[in-house]
Structure formats: C-alpha cells, structure tokens
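Going down the list, the protein sequences come from chains A and B.
Counting along the first sequence from 1, when you hit position 93 you're at 93 in the UniProt record's numbering, and nothing is skipped either side.
Counting along the second sequence from 1, when you hit position 113 you're at 113 in the UniProt record's numbering, and nothing is skipped either side.
Incorrect hints may appear among the rest.
[Unchecked claim] Simulated pairs of lysine-lysine, BS3-like, Cα-Cα distance not exceeding 27 Å:
#  : chain 1 : residue 1 : chain 2 : residue 2
1  : B       : K227      : A       : K359
2  : B       : K4        : A       : K60
3  : B       : K295      : B       : K397
4  : B       : K60       : A       : K5
5  : B       : K160      : A       : K4
6  : A       : K62       : B       : K4
7  : A       : K306      : A       : K397
8  : A       : K183      : B       : K4
9  : A       : K183      : B       : K5
10 : B       : K227      : B       : K60
11 : A       : K299      : A       : K183
12 : A       : K306      : A       : K359
13 : B       : K62       : A       : K5
14 : B       : K4        : A       : K295
15 : B       : K295      : B       : K183
16 : A       : K4        : B       : K359
17 : A       : K295      : A       : K306
18 : B       : K389      : A       : K5
19 : B       : K227      : A       : K138
20 : B       : K5        : A       : K62
21 : A       : K4        : B       : K5
22 : A       : K60       : B       : K62
23 : A       : K227      : B       : K359
24 : A       : K138      : A       : K160
25 : B       : K138      : A       : K227
26 : B       : K160      : B       : K62
[Stated by the list, open to error] Pairwise CB distance ranges, derived in the manner of DEER restraints:
#  : chain 1 : residue 1 : chain 2 : residue 2 : range
27 : B       : I327      : A       : P11       : 53 to 59 Å
28 : A       : K160      : B       : N165      : 56 to 62 Å
29 : A       : E116      : B       : D288      : 55 to 61 Å
30 : A       : P11       : B       : G109      : 46 to 52 Å
[As the list claims (entries may be wrong)] Some residues of chain B that are not near chain A, with every Cβ distance over 12 Å (derived):
#  : residue
31 : Q127
32 : K138
33 : Y188
34 : A230
35 : N333
Hints are computed from structural coordinates only; laboratory data are not their basis.
Note that beta-carbon positions come from the ideal geometry of N, C-alpha and C, so glycine has one too.
Okay, here's what each chain looks like letter by letter:
There are 2 protein chains.
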Amino acid sequence: MLNKKILNAPPRTIMTPGPVEADPRVLRVLGTPILGQFDPAFTTIMNETMEMLRELFQTKNKWAFPIDGTSRAGLEAVLASIIEPGDTVFVPIFGRFGHLLTEISERYGAVVHNIECEWGSVFEPEQVIREIKRTNPKIVAMVHGETSTGRVQSLKEIGKACRENDALFIVDAVATIGGIDVKVDDWYIDALIAGTQKCISVPSGMAPITYNERVEHHITQRKKVEKGIATEADNNVRTRPNIISNYFDLSQLQDYWSDRRLNHHTEATSMLYALHEGVRILLEEGLDIRFARHKLHEKALVAGIKAMGLSLFGNEASKLTTVTCVIIPSGINGEDVRSTLLDQFGIEIASSFGPLHGKIWRIGTMGYSCRQDNVLYTLAGLEATLLRKGTLINAGKALQAALDVYDSELVHV
Amino acid sequence: MLNKKILNAPPRTIMTPGPVEADPRVLRVLGTPILGQFDPAFTTIMNETMEMLRELFQTKNKWAFPIDGTSRAGLEAVLASIIEPGDTVFVPIFGRFGHLLTEISERYGAVVHNIECEWGSVFEPEQVIREIKRTNPKIVAMVHGETSTGRVQSLKEIGKACRENDALFIVDAVATIGGIDVKVDDWYIDALIAGTQKCISVPSGMAPITYNERVEHHITQRKKVEKGIATEADNNVRTRPNIISNYFDLSQLQDYWSDRRLNHHTEATSMLYALHEGVRILLEEGLDIRFARHKLHEKALVAGIKAMGLSLFGNEASKLTTVTCVIIPSGINGEDVRSTLLDQFGIEIASSFGPLHGKIWRIGTMGYSCRQDNVLYTLAGLEATLLRKGTLINAGKALQAALDVYDSELVHV
Chain A
1 MLNKKILNAP PRTIMTPGPV EADPRVLRVL GTPILGQFDP AFTTIMNETM
51 EMLRELFQTK NKWAFPIDGT SRAGLEAVLA SIIEPGDTVF VPIFGRFGHL
101 LTEISERYGA VVHNIECEWG SVFEPEQVIR EIKRTNPKIV AMVHGETSTG
151 RVQSLKEIGK ACRENDALFI VDAVATIGGI DVKVDDWYID ALIAGTQKCI
201 SVPSGMAPIT YNERVEHHIT QRKKVEKGIA TEADNNVRTR PNIISNYFDL
251 SQLQDYWSDR RLNHHTEATS MLYALHEGVR ILLEEGLDIR FARHKLHEKA
301 LVAGIKAMGL SLFGNEASKL TTVTCVIIPS GINGEDVRST LLDQFGIEIA
351 SSFGPLHGKI WRIGTMGYSC RQDNVLYTLA GLEATLLRKG TLINAGKALQ
401 AALDVYDSEL VHV
Chain B
1 MLNKKILNAP PRTIMTPGPV EADPRVLRVL GTPILGQFDP AFTTIMNETM
51 EMLRELFQTK NKWAFPIDGT SRAGLEAVLA SIIEPGDTVF VPIFGRFGHL
101 LTEISERYGA VVHNIECEWG SVFEPEQVIR EIKRTNPKIV AMVHGETSTG
151 RVQSLKEIGK ACRENDALFI VDAVATIGGI DVKVDDWYID ALIAGTQKCI
201 SVPSGMAPIT YNERVEHHIT QRKKVEKGIA TEADNNVRTR PNIISNYFDL
251 SQLQDYWSDR RLNHHTEATS MLYALHEGVR ILLEEGLDIR FARHKLHEKA
301 LVAGIKAMGL SLFGNEASKL TTVTCVIIPS GINGEDVRST LLDQFGIEIA
351 SSFGPLHGKI WRIGTMGYSC RQDNVLYTLA GLEATLLRKG TLINAGKALQ
401 AALDVYDSEL VHV
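The following block holds chain A by itself, in its conformation from the complex (with noise of 0.2 Å):
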C-alpha cells in the first residue's frame, strides 16, 4: 500500500552542487529530542549559533542568524526587507542566480538595472564598478558563486565601490560560504545570504544571513510588529513602508533573536541543531584549513576528468572551486549518462539549467561530500560509464592523475 511505505532512502555519493551529503555528526543531532523555543537551554543556542555564524561570515555584525526556510528564503527575506517599490537595484548577472536576485527585486517593486556577461564568464569588477557610477543605484545585488555555471566573483573592490557610492551591497554566498573565503567586513559586504545544503553539509531548510547597521538603519525604519503582540512604542518607529511579507519581515525576526525575544515563528528546532553542529564541526576544523581541503581535492578531481580527456567549460581564471563544469562529449546523451550513474553506482553528478542544459555536467565538491574516496569513486564511475556508452577517452588515466595529486600533497587534508 503506497501511502504507508517505510521510508526508503538508498545509500548515495552526492557529488552535485547541493545538496550534498550531510556530515554523520549532524545527522546525529538531528535526532536530539525537542526544546521549547523560549527554554533558557534552547535559546542559548540560538545565541551560541549566531556566535559561531559570525565567525563564519568573519563579521563583526550583530545580527547573524538564519531563517526558517531553504536558501532562497534568506535571499527573499533580505531583498524584501530592504526593497521598498521603485528603489533602484543593480544586479550583474553571470548566470541563474543573477536572474533570481533580479527576479525577486522585481517582484518586490524595484527598477533593476541588468548588465549580463556570456555564462562561463565573470566580470572585472571596473565593469561592474563604472556602471555603479554611471547609474547610482541604492542597492547592488550579486551572486558570489554562481553554480550554474561553476563561476566566482571577485567581490572586494565593488564592495568598496559601493560603500563610496552608498549603495546597499548584497551578497549570495550560498554556493561559497564554508568551502571558499568569504569576508563580510573586509569586503564591505552590507548583507550576505548563505545555505546549509552545500559546503556547511547539513541539510536543506535554513539560510543563514547576516548584515550590518547600515542595513539595520534601513529595517528599523520599515518596524512593523503585528496585531495581537505588538505594544504602542513597537510601531511608532516606522517611518517608512512597512515591509510586505511577515514571515521574512527581519524588523520582528532581530527582535526574535534578541533578548526581547518577540513571539514571531516557532524556530525550527531540529533544523537550528543541525546548523549549530554543521557551523561547530566547520570551525574546529578550521576555515583556512577546510578552504584548503576544498582546494585540494578539486585538484584532483579536475586532474582526474582532464586525464579522462575530458575539457572544463568555462573560463578558467573565474573558476569556482566548489564546482567543476564538464562539457559533454558530443555525441554523447548527457541525461543517460547521468542515470547510469546513479542507478548503477548510486552517484548523482549534476546537469544545468537554461542555455547550459545537456551541454555540461555539473560536479560538486562541498562539504562533508569533499573527501578523496567520493573524488576517486566518482572519477571511476563516470569514466566506466562513458567507456561501457562507447565514449573516446582514455581508460585508465583518471584515478591516476587524481591520486598523483593526492600524493604530492605532504598532509592529506
């Protein structure tokens, strides 16, 4: 009877972009039995995330917490909170997720002010710094890496240019917090957006963010508490547009998360376990230390498809290290590929979106999913798999060149 199934959920290698395998530990205090939201014990590890969320973000922000819902719940939320109709928002794009930031401020009221480079690509930040000149926007919005096309973003000197500019600078860093350098303060990041489900390896269902007081200026004059708690001071504050949404309104969630603890949502309990495990596992390892494991065996693994035969798409400078975007041997049936894959070697490598669909296979290495058995696996499985589709590539090399970069290597990371 289909409707009382057991759940099933086979043993997998996830090496796409996200989400990725969830480290054994957080799993594990995943099953850690319920608090209530206002229990001393459970809101001092509300507090004890933020702590540790701003060391993450290397911030010295205040406000560092997640929102109940998955990645794009944290882009929606800051980009609604700061967005008032007609406010003018520039987002460059480099790919799908440029197209999502420019979505959701459009849907929020603003004129966005598009400039798009050719997907592979990224910007030099003198494009990206020009236009904010020349059109003095209030707010620039950009994707740090982009995972459609396996690209990063140079961020630090339009971060500057914005602050000189006054404009509001956001940030997604969905694909990069945790698995490449991220640095809100030094980078004049005014908000940044992340996601659990990629290199922080828990699972999806929270965004982590953070901003600063310039960005806290801006909420705090949007205040709206709602009916049924608020008190007569609470929306006297306002003197701009309320913002829209109640769910993503932070003028309440930094409230909630303060010692006022304001009643707004009941925080999602096992998921906060989780993240407060995923962001304590990542510092005790270190941030340099996992920015150089991620490193290491994207080494490998890029050696191994090169060995293959096999070309990288896109320009190699801008290269995300989290991502590693192949192009399909023509000829080659990139969907059947990738279904072999995982029906037989219980791998799933990832496909793209738009214009890049069935041109290039998408391999992430983030997270708990970073290690060298899945890097050696995954190499194995794909080239077995292109070798039994009749592929022209050369047997035998892959796993070669991957483990002569794992042992060049002094410490295996």
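Guided by the hints, dock chain B onto chain A, whose structure is given.
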C-alpha cells in the same frame, strides 16, 4: 569558550501548545542520510507524503504538500497566493491567531473586515454566516483551534455558507490537525494550513497545506515562473497580477510538487523525512483512535486540575481538546510558577498573549506529548509547585482524579 560548545539539550516534559515532544521514531528518521531532490528515491518520498497528507486532511484534493518553513509560512503562502490588492477578506477573530490572519492579509493589500468575540468564547456559526451574506467577501479566513484561548470553532456550516456565497474558505488548522477531527472536503474548506510541531509530533519547520480546484484555478491565473528557468509558454497563462512572493508562490510550488518537478527551492530533505514518518505513524495509529486518545488525556488533565481546586478559563462548550487554559490563582505569579516547573521538574507549560498574559496558564495535550505519564507528572509538578508557594489548593487530589479517569476507561489509549 562559548562559541565552540557541543549542543546541549536537557530532557524536558513539554506540555505547551507547541512545539511538543517529537515522536522518537520521527527523531530517528531525521538522521537518515540525504538524497538529492530529483533523485527518484526522493521524489517517491515526496509523492508518498502527498498521498498520506490527503488522508490526514480527509480530502481528495490533488494538492497537499508542505511549505518549507514554520506554520506561519504556510499561512502566508496560501494568503499571499490568493489575495490580490483590494480583495475583501473577512476574518472573525476569537484570539491572537485571528489577528495574524488579518495582519498577513492586510500586508498583501486586502481590505479586511473583522468581527471579534470575547477571548474565551467562539462564534455561533449563524453570526458569521449573517456577516458573510451581508458583506459578500471574496475570502473568509478563520482559525479552527485557537491556542491563545484554548477554543475550537465549529466550521462546517460556515464552510457551506462560503460555498453558497462563492467565497473562498481558508482555515488555519495548525493547532488541531492530527489531534481532533478536521474534514477538509466535508466542511467545504477551500484551503487549509497545518503545522508539524503540535499534534503531528514532528519538529517545527514545515507547514503542510492543501487546496482544491477552486483555489488552483485562481492561482493558475497568476502563474509566473521565474527568470532563468521559465519557458515561453509558462507565463502566457497569466491573466491576473502575479503573486508577489517568489518563495511562497504556489503557482511555482505546485509545479515543483508535480511530475514537472520545476526547479524552485531545494526541498528540506530531513524535515520531509520527519514529516513522512510523523504522518505515517499518525495514520498507522488511525485518526479516530488518535482523536480518542487526545480526548482521554485531556479528560484526565482537566479532572486533575479541577480536583486541585483550580478553575478553567473560557466557555466550556467550545473548549479545545488539545489546549487546557487554567486561571492563575489570585496572588500567584504565573511566570514564577512556570520557572519553577521548568527548573525543578523539567516541565514546560505556557503563558498566553495580549489580554490573557499573566491571567492564564496553557497546558497542551498534543501528539506524542499527549500521554498518561506526561499528564500525571505535570499534575504532580503543578500541585507541588503551588503548595511550595503557599497556594491554597487541595493536596493529593489531582492525581487521584486523573487516575480515576484512566481507570474508568476500558482500554488505555
């Protein structure tokens, strides 16, 4: 060092109106390894969950799936996807969560008409129906079980009147689903929102919803698939203004939860596992047996409270099975009692909101927390705490009265 602490969650007996204790079997499946969102093994779990939710909701609706967020994310998804600026919404208010329905509706541009009855009572259906006929609203939104006052509203006659007046009937059943009877189809409910953290005994973080073809028809007219993945055909069906929120856009979510598997968010894997198991357990127990269990433990709790000499708050005829509101005896500091219960006994009960804050305690009997041992321990803890603070109550009577209830039942459920 504060920011590297291992997660520490002490054991608790949680007798609030939510979040309550998660079923240990639910906690166990939370540790199941991750699957990719488009892995056939995962989409099978998505489909099984939809099938089980239909049974829980007692509906033949095609659409029954969770929103990835806490309960109010479900409220906002439904209201934001239906309401267009200028729409008339009628919300009869009998507690805090009627205010929340009003609040969210107004944020999305609705013109809301309210009637309010004294907190502690509910509406005669005739009164609501008269108002529907008089004002002819496009939408009627109501709470089924009000946790803030511990009341339950009779809905069937109101639902019938909505259908006859061509109004859409939206119901917040967060506090009742899985604990008392909720009949979506029989009661003419067009859209219903549930929560996981109360009678379903799954952690907070998902909001299962259902809606029928009347609502779907409306949503489809507002369809907007986001940039970067929309096909030309996608946005041609739109004849009404698009839904503002991207995250809560049911026109995209229903494409994600159908065979099309439109890429929207990354489904919250572990929480879906938990929901799947929670609803499976619930249906395995059987709806009627589960409702009878909730009745029994409420009866024992109420008998104990009364035997102690305490009084219940509110109109008896409309008492909500899953929440018992107790009047705080005069001269007693309610928060002080709650603190002692938590600190000495590890028992959590709730206070209330707005006009009832400091006037009543609220004790939940919900889901996995709704058990004989929990009821007996809570009564023992409350009695001992009150005696310790010098309250004049009947000593030694509460547990005897509760045991009398249990003994009088042929079968302990």
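Next item on the list: Take a quick look at whether K62/B and K5/A sit within 27 Å of each other, Cα to Cα.
Entry: holds, 20 Å
Margin query: Check the hint pairing K306/A with K397/A against an upper bound of 27 Å on the C-alpha distance.
Written below: holds, 9 Å
Check: Given the hint that K138/B pairs with K227/A, does the C-alpha gap stay at or below 27 Å?
Finding: Answer holds: K138/B to K227/A is near 22 Å, not above 27 Å.
Next item on the list: For the pair we were handed, K5/B and K62/A, check the Cα-Cα distance against 27 Å.
Entry: Judged against 27 Å, a Cα distance of about 20 Å means the pair holds.
Item checked: Hinted pair K4/B and K295/A, Cα distance within 27 Å -> Cα-Cα ~25 Å, so holds.
Note to self: Check the hint pairing K60/A with K62/B against an upper bound of 27 Å on the C-alpha distance.
What the structure shows: violated, 48 Å
Item checked: Hint consistency between K160/B and K62/B [alpha-carbon to alpha-carbon, up to 27 Å] -> holds, 21 Å
Note to self: So if I understand the rule, the pair passes when the alpha-carbon distance is 27 Å or less; does K295/B with K183/B pass?
What the structure shows: Roughly 18 Å separates the two Cα atoms, so the pair holds.
Item checked: Pair hint K227/B and K138/A, alpha-carbon separation not exceeding 27 Å -> The hint holds at about 22 Å.
Checklist line | Distal placement of Y188/B relative to chain A, Cβ over 12 Å | finding: holds, 24 Å
Check: So is A230/B really clear of chain A, every C-beta pair being over 12 Å apart?
Finding: Violated, because the least Cβ-Cβ distance between A230/B and chain A comes to about 9 Å, which does not exceed 12 Å.
Checklist line | Agreement of K227/B and K359/A with the hint, judged by alpha carbon distance not exceeding 27 Å | finding: holds, 20 Å
Taken one by one, the earlier hints fail for this structure at numbers 5, 10, 16, 18, 21, 22, 34, listed in ascending order.
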